[in-house]
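Trainee: One letter stands for each residue in the lines below.
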Amino acid sequence: MKRYLSGIDWIMSSLDYAGRKACGIGNISQIVLKLEEPLEENYIRERIKLLEKAPLIHGYSSRGLNLCPYWKMNLKDSSVILNTFSTQDNLSIDELLRVFGDHMNKPFRNKREHLVFNLVKNNKESFLGMIFDHRLLDARGAETLLSILGSSVKFSFQNELSAPAQLNNWYDKFSSGRKVNRFFMSLNKGETYSSPYPKINHKIGLRLVTYDKLETTKIAENSLKQAGYLMFMPYLLAKSIIILHRVFEKRNISCSDYLIPVSIDKRGQGATDGKVFFNHLSFLFFRIKPEEIMDQDKLLLIIKEQLYKQVKEGMPEAFLQASLLIRIVPLYLINLFTRFISKGKASSFSFSFVVDNSNNLESFLGKKILNVFHLPRLPCPPGIGIFFNQSQGKLNTTLSYLEGLLSDDDVNQITEDLKLLI
Amino acid sequence: MTIKDIENKLINQIAAILSCSSLSIKPDAQLHTLGVDSLSFVEILVFIEKEFKIKLIESGLDKEDFKSVRSLAARINKTLK
Numbered sequence: 001m002k003r004y005l006s007g008i009d010w011i012m013s014s015l016d017y018a019g020r021k022a023c024g025i026g027n028i029s030q031i032v033l034k035l036e037e038p039l040e041e042n043y044i045r046e047r048i049k050l051l052e053k054a055p056l057i058h059g060y061s062s063r064g065l066n067l068c069p070y071w072k073m074n075l076k077d078s079s080v081i082l083n084t085f086s087t088q089d090n091l092s093i094d095e096l097l098r099v100f101g102d103h104m105n106k107p108f109r110n111k112r113e114h115l116v117f118n119l120v121k122n123n124k125e126s127f128l129g130m131i132f133d134h135r136l137l138d139a140r141g142a143e144t145l146l147s148i149l150g151s152s153v154k155f156s157f158q159n160e161l162s163a164p165a166q167l168n169n170w171y172d173k174f175s176s177g178r179k180v181n182r183f184f185m186s187l188n189k190g191e192t193y194s195s196p197y198p199k200i201n202h203k204i205g206l207r208l209v210t211y212d213k214l215e216t217t218k219i220a221e222n223s224l225k226q227a228g229y230l231m232f233m234p235y236l237l238a239k240s241i242i243i244l245h246r247v248f249e250k251r252n253i254s255c256s257d258y259l260i261p262v263s264i265d266k267r268g269q270g271a272t273d274g275k276v277f278f279n280h281l282s283f284l285f286f287r288i289k290p291e292e293i294m295d296q297d298k299l300l301l302i303i304k305e306q307l308y309k310q311v312k313e314g315m316p317e318a319f320l321q322a323s324l325l326i327r328i329v330p331l332y333l334i335n336l337f338t339r340f341i342s343k344g345k346a347s348s349f350s351f352s353f354v355v356d357n358s359n360n361l362e363s364f365l366g367k368k369i370l371n372v373f374h375l376p377r378l379p380c381p382p383g384i385g386i387f388f389n390q391s392q393g394k395l396n397t398t399l400s401y402l403e404g405l406l407s408d409d410d411v412n413q414i415t416e417d418l419k420l421l422i
Numbered sequence: 001m002t003i004k005d006i007e008n009k010l011i012n013q014i015a016a017i018l019s020c021s022s023l024s025i026k027p028d029a030q031l032h033t034l035g036v037d038s039l040s041f042v043e044i045l046v047f048i049e050k051e052f053k054i055k056l057i058e059s060g061l062d063k064e065d066f067k068s069v070r071s072l073a074a075r076i077n078k079t080l081k
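Those sequence lines, one after another, are chains A and B.
No gaps in the numbering here: position 230 of the first sequence is 230 in the numbering used here, and each next residue is one more.
No gaps in the numbering here: position 73 of the second sequence is 73 in the numbering used here, and each next residue is one more.
Hints were generated in silico from the structure; no laboratory data involved.
These numbers come from a predicted model, not from an experiment.
One thing to keep in mind: the hints can contain errors.
[Said to hold, decoys possible] Taking lysine to any residue pairs in the SDA-like style, the calculated list, with each CA pair at most 20 angstroms apart, reads:
1. B/K26 / B/K55
2. A/K275 / B/I17
3. B/K63 / A/I328
4. A/K275 / A/Y4
5. B/K63 / B/A29
6. A/K298 / B/D62
7. B/K55 / A/K275
8. A/K394 / B/H32
9. A/K173 / A/I328
10. B/K26 / A/G268
11. B/K55 / A/Q306
12. B/K63 / A/L301
13. B/K67 / A/K298
14. B/K53 / A/G314
15. A/K275 / B/S19
16. A/K304 / B/A29
[Said to hold, decoys possible] Simulated DEER-style distance windows between Cβ atoms:
17. B/I3 / A/G314: 41 to 47 angstroms
18. B/E64 / A/N105: 48 to 54 angstroms
19. A/I242 / B/K53: 47 to 53 angstroms
20. B/P27 / A/S162: 35 to 41 angstroms
[Claimed, not checked] Example chain B residues on the side facing chain A (calculated, C-beta under 8 angstroms, incomplete):
21. L18
22. L31
23. H32
24. F52
Every residue, glycine too, gets a C-beta built ideally from N, C-alpha and C.
With the hints as extra help, turn the sequences into a complete structure.
Mentor: Rendered as structure tokens:
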């Protein structure tokens, strides 16, 4: 019984490889739950002990005789770390980010470690962070895992232990490959805006902007007025482009276009059974010219047109199919090839928008969840990303960047501009 | 094709896009309450273009057209006539 990796899993592995080569740390992220009351350490330890028994938690990628990469399940006894810290009451957002951000500058202990938990508590509240390896979980999968851990349900993840190699329907794969190749050729017309990569500092910088329910409603209303019904994602993407363009513009980087990859969840609503682990994503790509950014209405129209065109042409599905072909390529070659064809400027920044509409992250081991924060550590390039997540009607924005890519002034300006979304 | 036929086609497609049962989609429910987001909304528009050969996005839509599956079906029916 083998859990073969999908093409997207292999892409996430290649991003992990690129991150480890460049910064010593792979493609990781952290989700932090803000809980209304202090959480008993023993309760969470019990749930983590159950999780430790799932063999895929301690797996690693290997290659089968059919040349297809798979997740080698490890049955050896291994522990998942839970770090605990006590802090003063009423922890500010900056203090919170300092505590949780520090842990994202530490690599996993070995190739079999993919999860680390951090519990921060004081007399009034607690914060539970889960650092996860993107090879094992995507953002929505990680939220689902936390909702399972925080409930009293039994779990074994038996459905996750096998997946087919998908070594069939070659015509479809090659046809999709041709389609994706043409699409990338059309994208690759100009030089991509990208921040110069820092040589020394590889620490992650994080800023978090939170909006309460009222503010979130106001932003949604602005989106409805300016972008149209159910166009929240294009609206937030347009705002992110405008905000980051101001920073890039100050640097006088002379390139022709912005290229922004946007990850999208392919599970569908409520379809998380058997799809908690590994990656169930695809991607959309938006190429925007600087002169198109000046007029927000025009920018929104261009984003919507590109979104419509890619969906109509079935690019997310073609990307899933085509990516299965690159599983044969070793990670170091993918890394080399990507750097060569993109000249180290694969994209300008990353963007995503996660809505927890299906996971119902309302309580964790009986403690009410007040908010959910996503703190991704970006692979490089691009090393900069703006990530939105909505939980219980509240919107949060995380600016994640490698220190050195943005100055303090840049970060302050972006944060202030994000606050003006309301 | 009747409005009911269009409505049923829309419900089946929305269920396929959202990976849920078509029985859980009520014709009067607002699209955003069903869990439709920007991407799935565009997928619905693309389905309408391919299935009914009409580009709703270019035919002057307003919020009322997307109030529910039923109103969307009525709008498609009107455009087809």
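Trainee: Determine for every hint whether it applies to the structure shown.
Mentor: Hints, one by one, checked against the model:
1. B/K26 / B/K55: With a Cα-Cα distance of about 24 angstroms, the restraint between B/K26 and B/K55 is violated, given a limit of 20 angstroms.
2. A/K275 / B/I17: Satisfied, since the Cα-Cα distance of roughly 16 angstroms is no more than 20 angstroms.
3. B/K63 / A/I328: violated (48 angstroms)
4. A/K275 / A/Y4: Distance of about 14 angstroms is within 20 angstroms: holds.
5. B/K63 / B/A29: holds (14 angstroms)
6. A/K298 / B/D62: holds (19 angstroms)
7. B/K55 / A/K275: Status violated; Cα separation ~34 angstroms.
8. A/K394 / B/H32: holds (16 angstroms)
9. A/K173 / A/I328: Holds, at roughly 13 angstroms.
10. B/K26 / A/G268: Holds, at about 18 angstroms.
11. B/K55 / A/Q306: holds (15 angstroms)
12. B/K63 / A/L301: holds (17 angstroms)
13. B/K67 / A/K298: violated (26 angstroms)
14. B/K53 / A/G314: Between B/K53 and A/G314 the Cα gap is close to 17 angstroms, so the pair holds against 20 angstroms.
15. A/K275 / B/S19: The hint holds at about 13 angstroms.
16. A/K304 / B/A29: violated (25 angstroms)
17. B/I3 / A/G314: 41 to 47 angstroms: Taking Cβ atoms as reference, B/I3 and A/G314 lie about 29 angstroms apart, which means the hint is violated.
18. B/E64 / A/N105: 48 to 54 angstroms: holds (51 angstroms)
19. A/I242 / B/K53: 47 to 53 angstroms: For B/K53 against A/I242, whose Cβ atoms are near 36 angstroms apart, the range 47 to 53 angstroms is violated.
20. B/P27 / A/S162: 35 to 41 angstroms: holds (39 angstroms)
21. L18: holds (4 angstroms)
22. L31: Holds - the Cβ of B/L31 comes within 8 angstroms of chain A, reaching about 6 angstroms at its closest.
23. H32: The hint holds - B/H32 has a Cβ within 8 angstroms of chain A, the shortest such distance being about 6 angstroms.
24. F52: violated (14 angstroms)
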